[in-house]
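Visitor: As you go down the protein sequences, you meet chains B and X in turn. Numbered according to the numbering used here, the first sequence spans residues 183 to 396. Numbered according to the numbering used here, the second sequence spans residues 183 to 396.
A hint or two may mislead.
Claimed, not checked - DSBU-like cross-link-like pairs, simulated, lysine-lysine; straight-line CA separation at most 35 Å:
| # | chain 1 | residue 1 | chain 2 | residue 2 |
| --- | --- | --- | --- | --- |
| 1 | X | K261 | B | K386 |
| 2 | B | K386 | B | K285 |
| 3 | B | K313 | B | K262 |
| 4 | X | K286 | X | K344 |
| 5 | B | K389 | X | K264 |
| 6 | X | K389 | X | K344 |
| 7 | X | K291 | X | K389 |
| 8 | B | K344 | B | K264 |
| 9 | X | K285 | X | K386 |
| 10 | X | K389 | X | K264 |
| 11 | B | K386 | X | K285 |
| 12 | X | K261 | B | K389 |
| 13 | B | K288 | B | K344 |
| 14 | X | K386 | B | K262 |
| 15 | X | K286 | X | K389 |
| 16 | B | K286 | B | K389 |
| 17 | X | K344 | B | K261 |
| 18 | X | K386 | B | K264 |
| 19 | B | K389 | X | K262 |
| 20 | B | K313 | B | K344 |
| 21 | X | K389 | B | K264 |
| 22 | B | K261 | X | K389 |
| 23 | B | K389 | B | K285 |
| 24 | B | K262 | X | K389 |
| 25 | B | K386 | X | K262 |
Said to hold, decoys possible - According to the in silico footprint, chain B covers these stretches of chain X (three or more CB under 8 Å from chain B):
| # | region |
| --- | --- |
| 26 | 232-239 |
| 27 | 263-269 |
| 28 | 282-296 |
| 29 | 322-333 |
To be verified - If you only want the chain B side, here are some residues facing chain X, beta carbon under 8 Å, derived:
| # | residue |
| --- | --- |
| 30 | L249 |
| 31 | S362 |
| 32 | G374 |
| 33 | D378 |
| 34 | L380 |
Keep in mind the hints are simulated off the structure, nothing from the lab. Fair warning: this is a prediction, and the values are worked out from it, not measured in the lab. All residues carry an ideal CB built from backbone N, CA and C; glycine is no exception.
There are 2 protein chains.
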Amino acid sequence: MLRALVFDAYGTLFDVHSVQARCEALWPGRGAQLSQLWRTKQLEYTWQRSLMRRYAPFSQVTEDALLFSCELMGLRIDKKEKQTVLDEYRRLALYPDVVPAMKKLKSAKCAILTNGSPDMIEPLVAQSGLKFDAVLSVDALRVFKPAPEVYQLAVDRLQTPKEEIGFVSSNCWDALGAKSFGFTVYWINRAGAPVDRLGFALDKIVKSLDEILP
Amino acid sequence: MLRALVFDAYGTLFDVHSVQARCEALWPGRGAQLSQLWRTKQLEYTWQRSLMRRYAPFSQVTEDALLFSCELMGLRIDKKEKQTVLDEYRRLALYPDVVPAMKKLKSAKCAILTNGSPDMIEPLVAQSGLKFDAVLSVDALRVFKPAPEVYQLAVDRLQTPKEEIGFVSSNCWDALGAKSFGFTVYWINRAGAPVDRLGFALDKIVKSLDEILP
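Full structure from sequences and hints, please.
Guide: Structure, rendered in structure tokens:
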């Protein structure tokens with residue numbers, strides 16, 4: 183019996199590729215590629231920095247990944263453009279299935295567990311209109327997902343045993359990290375991607391957030 | 183004064199994309215894309231498994247990444263084809279600058295420090311004709327690069343202080359991980375890529391292995 187649901191934020195509730203329109207406006211014809219590359223590097227940097235034991239807040243990692251991506255693609259970006267694009271990360275769009283699903287979830291304890299540093303995630307959640315019992319950031323631990331201590335943070339802060347926590351992510355590696363830790367996991371596979379091969383199986387694979395509800 | 187040179191293997195001495203021809207023969211028109219995706223997933227899995235504390239040998243990770251990549255690209259792969267492609271990883275081509283550079287390096291202590299598990303790296307080095315004073319695998323530690331304990335392995339096994347070790351890699355994040363640990367690092371930037379933004383600077387950026395020599 184699950185007493186709490188813990189959600190990943192970026193890519194799960196919030197569409198990280200909603201920055202694409204802004205990128206496209208600044209660099210016509212390159213927005214989609216930049217958005218994809220930026221996200222890929224952002225995640226790589228979280229894993230590499232965690233392993234190097236050189237944590238930096240997600241806001242820093244996100245900026246670094248943007249600058250690298252622009253350089254790789256040969257796109258010039260000045261200080262003002264950089265700020266314009268980074269500001270988009272504080273007002274990412276919710277996926278269309280999020281609001282209807284969250285309305286039905288009122289009975290369960292609901293939290294966010296995110297790589298996002300407080301300076302990024304707090305304004306984002308505030309402007310979304312969504313309400314959570316807790317918004318937990320890896321920043322408290324200075325290591326990124328999928329390190330097991332990150333998932334332990336939800337156990338500690340929600341004071342709920344891991345056996346009673348359902349974890350919801352669209353990032354397959356994040357869902358599998360949570361499974362390896364001991365949560366019951368739901369992978370929101372909106373894109374119809376294959377399951378990552380990391381030695382664990384997901385508990386439930388769904389196409390949208392509504393399907394995780396009883 | 184550097185008393186030992188430590189080389190990364192995959193992507194630095196051995197061209198991981200020499201599997202491309204075999205992939206192309208099996209799946210015409212898809213070889214380059216498969217080779218790129220396979221390498222990307224292979225590295226992602228090393229980082230994710232390390233953070234999850236679910237190490238698996240590089241041979242396993244490499245197979246998992248191949249199967250994921252085929253599935254994502256909609257390519258059917260049977261057991262024999264899988265083995266054919268994986269066998270290529272045990273006879274990857276050397277980059278053309280490697281043999282001339284290694285001949286000039288006879289005076290220094292030379293070692294390999296690799297993510298590769300012994301079942302992969304030992305046959306690969308044997309068939310290359312190259313000679314090293316040591317071939318060190320992360321498999322002894324059950325964690326992948328860029329964890330600092332991996333670089334410490336070279337210090338311990340070569341009995342050489344880190345201040346006297348030069349580390350050579352074409353993988354920028356690996357060179358930066360080695361820099362974060364304390365080695366003098368050379369990044370072989372054959373592709374003319376931008377420097378990764380991980381909070382450290384490289385000691386020397388060169389286009390080919392010859393340029394690291396005195």
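Visitor: It remains to establish, for every hint, whether it holds in the given structure.
Guide: Hints, verified against the model:
Proposed proximity of K261 of chain X and K386 of chain B is supported: the alpha carbons are some 28 Å apart, at most 35 Å. A distance of roughly 21 Å separates the Cα atoms of K386 of chain B and K285 of chain B; the hinted pair therefore holds under the 35 Å criterion. At roughly 32 Å between alpha-carbon atoms, K313 of chain B and K262 of chain B fall within 35 Å of each other, so this suggested pair holds. In summary, the hint linking K286 of chain X to K344 of chain X is supported, as the alpha carbons are separated by about 23 Å, within the 35 Å threshold.
Of the supplied pair hints, the one linking K389 of chain B and K264 of chain X holds, its CA atoms being roughly 30 Å apart against a limit of 35 Å. The straight-line distance between the Cα atoms of K389 of chain X and K344 of chain X is roughly 24 Å, inside the 35 Å bound, and the hint therefore holds. Our distance criterion of 35 Å between C-alpha atoms is met by K291 of chain X and K389 of chain X, whose separation comes to about 22 Å. In summary, the hint linking K344 of chain B to K264 of chain B is not supported, as the alpha carbons are separated by about 40 Å, beyond the 35 Å threshold.
With a CA separation close to 21 Å, the supplied pair K285 of chain X and K386 of chain X stays within the 35 Å bound. About 34 Å separates the Cα atoms of K389 of chain X and K264 of chain X, which keeps this hinted pair within 35 Å; it holds. For the hint linking K386 of chain B to K285 of chain X, the alpha-carbon distance of about 56 Å lies beyond 35 Å, and the restraint is violated. Taking the CA atoms of K261 of chain X and K389 of chain B, the gap is about 30 Å. The hint holds against a cut of 35 Å.
In summary, the hint linking K288 of chain B to K344 of chain B is supported, as the alpha carbons are separated by about 20 Å, within the 35 Å threshold. A hinted pair counts as satisfied when its Cα atoms are at most 35 Å apart, and K386 of chain X with K262 of chain B qualifies at roughly 32 Å. Taken as a hint, the K286 of chain X and K389 of chain X pair is honoured in the structure, with Cα atoms around 17 Å apart against an allowance of 35 Å. Our distance criterion of 35 Å between C-alpha atoms is met by K286 of chain B and K389 of chain B, whose separation comes to about 17 Å.
Taking the CA atoms of K344 of chain X and K261 of chain B, the gap is near 38 Å; set against the 35 Å cutoff, the hint is violated. Distance hint between K386 of chain X and K264 of chain B is fulfilled; the C-alpha atoms sit about 28 Å from each other, no more than 35 Å. In summary, the hint linking K389 of chain B to K262 of chain X is supported, as the alpha carbons are separated by about 33 Å, within the 35 Å threshold. For a cut-off of 35 Å, the pair hint linking K313 of chain B to K344 of chain B stands: about 22 Å separates their Cα positions.
Between the alpha carbons of K389 of chain X and K264 of chain B the distance comes to roughly 30 Å, so the proposed pair stays at or under 35 Å and holds. Restraint check: the Cα-Cα separation between K261 of chain B and K389 of chain X comes to about 30 Å, which is no more than 35 Å; the hinted pair holds. Taken as a hint, the K389 of chain B and K285 of chain B pair is honoured in the structure, with Cα atoms around 18 Å apart against an allowance of 35 Å. At roughly 33 Å between alpha-carbon atoms, K262 of chain B and K389 of chain X fall within 35 Å of each other, so this suggested pair holds.
At most 35 Å may separate the alpha-carbon atoms for a hinted pair to count; K386 of chain B and K262 of chain X meet this at roughly 32 Å. With 6 residues having a Cβ less than 8 Å from any Cβ of chain B, the region 232-239 of chain X passes the three-residue criterion, so the hint holds. Counting residues of the region 263-269 of chain X whose beta-carbon sits less than 8 Å from any beta-carbon of chain B gives 0, not enough to reach three: the coverage restraint is violated. Here's how the region 282-296 of chain X fares: 0 of its residues keep a CB closer than 8 Å to some CB of chain B, so the rule of at least three is not met and the hint is violated.
Counting residues of the region 322-333 of chain X whose beta-carbon sits less than 8 Å from any beta-carbon of chain B gives 6, enough to reach three: the coverage restraint holds. A hinted interface residue such as L249 of chain B counts as satisfied when its beta carbon comes closer than 8 Å to some beta carbon of chain X; here the least separation is about 6 Å, so the hint holds. With a cut of 8 Å, the hint placing S362 of chain B at the interface with chain X holds, because the nearest CB-to-CB distance is about 5 Å. About 10 Å separates the beta-carbon of G374 of chain B from the nearest beta-carbon of chain X, more than 8 Å, and the hint is not met.
About 6 Å separates the beta-carbon of D378 of chain B from the nearest beta-carbon of chain X, less than 8 Å, and the hint is met. Hint status for L380 of chain B relative to chain X: holds, with the closest Cβ pair at about 6 Å, below 8 Å.
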